[in-house]
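Protein chains: 4
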Amino acid sequence: MLVNSRAVRIEWGDCDPAGIVFYPRYFEMFDAATTAMFSAATGLTKYQMFEAYKFAGYPMVDTRARFLVPCRFGDDVTIETTMTEAKRSSFNITHHLKKEGALAVEAFETRVWVGRDSADAARIKSQPIPAEVLAQLSRP
Amino acid sequence: MLVNSRAVRIEWGDCDPAGIVFYPRYFEMFDAATTAMFSAATGLTKYQMFEAYKFAGYPMVDTRARFLVPCRFGDDVTIETTMTEAKRSSFNITHHLKKEGALAVEAFETRVWVGRDSADAARIKSQPIPAEVLAQLSRP
Amino acid sequence: MLVNSRAVRIEWGDCDPAGIVFYPRYFEMFDAATTAMFSAATGLTKYQMFEAYKFAGYPMVDTRARFLVPCRFGDDVTIETTMTEAKRSSFNITHHLKKEGALAVEAFETRVWVGRDSADAARIKSQPIPAEVLAQLSRP
Amino acid sequence: MLVNSRAVRIEWGDCDPAGIVFYPRYFEMFDAATTAMFSAATGLTKYQMFEAYKFAGYPMVDTRARFLVPCRFGDDVTIETTMTEAKRSSFNITHHLKKEGALAVEAFETRVWVGRDSADAARIKSQPIPAEVLAQLSRP
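Chains as they are written, first to last, in my numbering: chain B, 1 to 140; chain A, 1 to 140; chain V, 1 to 140; chain G, 1 to 140.
Hints listed in this document are in silico derivations from the structure and should not be mistaken for laboratory results. Please note that the accuracy of each hint is not assured.
One copy or two, either will do: identical chains are not told apart, so a pair holds if it fits within one copy or between any two.
Using 20 Å as the maximum straight-line C-alpha spacing, the simulated SDA-like pairs for lysine to any residue come out as follows [what the hints assert, rightly or not]:
1. Lys98 <-> Glu51
2. Lys99 <-> Leu44
3. Lys125 <-> Ala18
4. Lys99 <-> Arg72
Bear in mind the structure is a predicted one, so any value in this text is a computation, not a measurement.
This is chain B alone, in the form it adopts within the complex:
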């Protein structure tokens, strides 16, 4: 599977009074990193994916993160993101956030691919991840 790597500068506004990243901000970075992985595979922004796949997003079902090394404003880190498992409509993602080569934060996600319910457009329901997207993620 594609391992997408993304460079992130930790900003002043990401950090708390201890001078290190306020941990909910890492989840914002990981949400953007998951989207960046799909964009790298498909060549589409998330908005363009909405139009191309008639889908409505990939809401989070379960996520966990372990915080090993604190990061502070001005740090340049790298987030490596990959899909570790894909079922019919749910899938697992792992993020490795590295600082100077060391694993600083490790995160796991289970998400589900959803579309608009054809019977009620205000509702979402799980639908199969498009085979085309999985193929693009699997390209060597």
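Following the hints, position chains A, V and G against chain B.
Chains A, V and G in isolation, oriented as in the chain B frame:
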């Protein structure tokens, strides 16, 4: 016009490495305070207002804030919010954030009341603020 | 152990284009809920705890959340927070976020109680959770 | 003065239920853009500037933004940032956020350069912007 008062505890996660509120968080507080003012007047949540008034929100057109006294985590502040002017569809809001009685942040907003465009539901367009809402804000 | 209950109104700004809470915002709510639990037990704000206990916070080591029922703006939810285990300096917290009585989000945290390193004030190091704080959390 | 240009991809998590940027997020982007301007001029991260200049940041005194064109997730925008005036310790910044060449958001900031108070390290006080920094911003 109704002056709605709202108590807010400044949280650790609102603050930056200087130990004081990261100023974009004040704008989050003010957006919630504007909604709280409408909810106090109408008795409806913003979601219920969507259903009651066929509206789509009150996006920001222009906002300004002056920061007079820094606030830090653990501070209990009060936000006083009022509509200072209403035109057909646009309106002005002022927020006074007070700490121990002193004005700590003063903010001004110009917003516009919008609804879904009847010709294209994906688009929004300005529409008159409902007379009922203005009347509720003006109750003595 | 004390189970602290906290009422939260979901705000427009907590939600994403799907109209439901953007999940990193739940972690912001849970961080504030952990602090609210300590404040309920000790009668102190986090800032006052810094002064009373010579401590420097309780950074996150490991957290997990499961998202069962989506919440949208205008929803009134309750977060029930309790310390499920305390070791020398690390401790576990569980949050149950409920919507209309149903469990909507369940979260687990492992944090560590830290203070300033006496040899280098710019560094933090783990230190024992004060016995007084544990006693206050255990009051019937 | 240096006009620093910065490319930003609007993320899903920046947007609200209307599908457009929740305006407090723009202020987060602008805070990072001001820092990026200083980093472009000095070659230093904000953390390195803390060490090089014995300073403690540039807190916001007054800011205003006008929102002209809505941006949505997936949009690639450019933020052009420049210092329009510098006094002894306060300075003005203007940001032009452009989408497909059109001005989408225009923002103004007045900030003050601060350092630690030599009599009380827990307090900050205004101090002159280093001549070296102003010279670097003025390089042709």
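So, going through the hints one by one against the coordinates:
no., hint, in the structure
1, Lys98 <-> Glu51, "neither (33 Å within a copy, 24 Å between copies)"
2, Lys99 <-> Leu44, "between (28 Å within a copy, 18 Å between copies)"
3, Lys125 <-> Ala18, "between (41 Å within a copy, 12 Å between copies)"
4, Lys99 <-> Arg72, "within (10 Å within a copy, 29 Å between copies)"
This entry does not satisfy hint 1, going by the numbered hints stated previously; all others are met.
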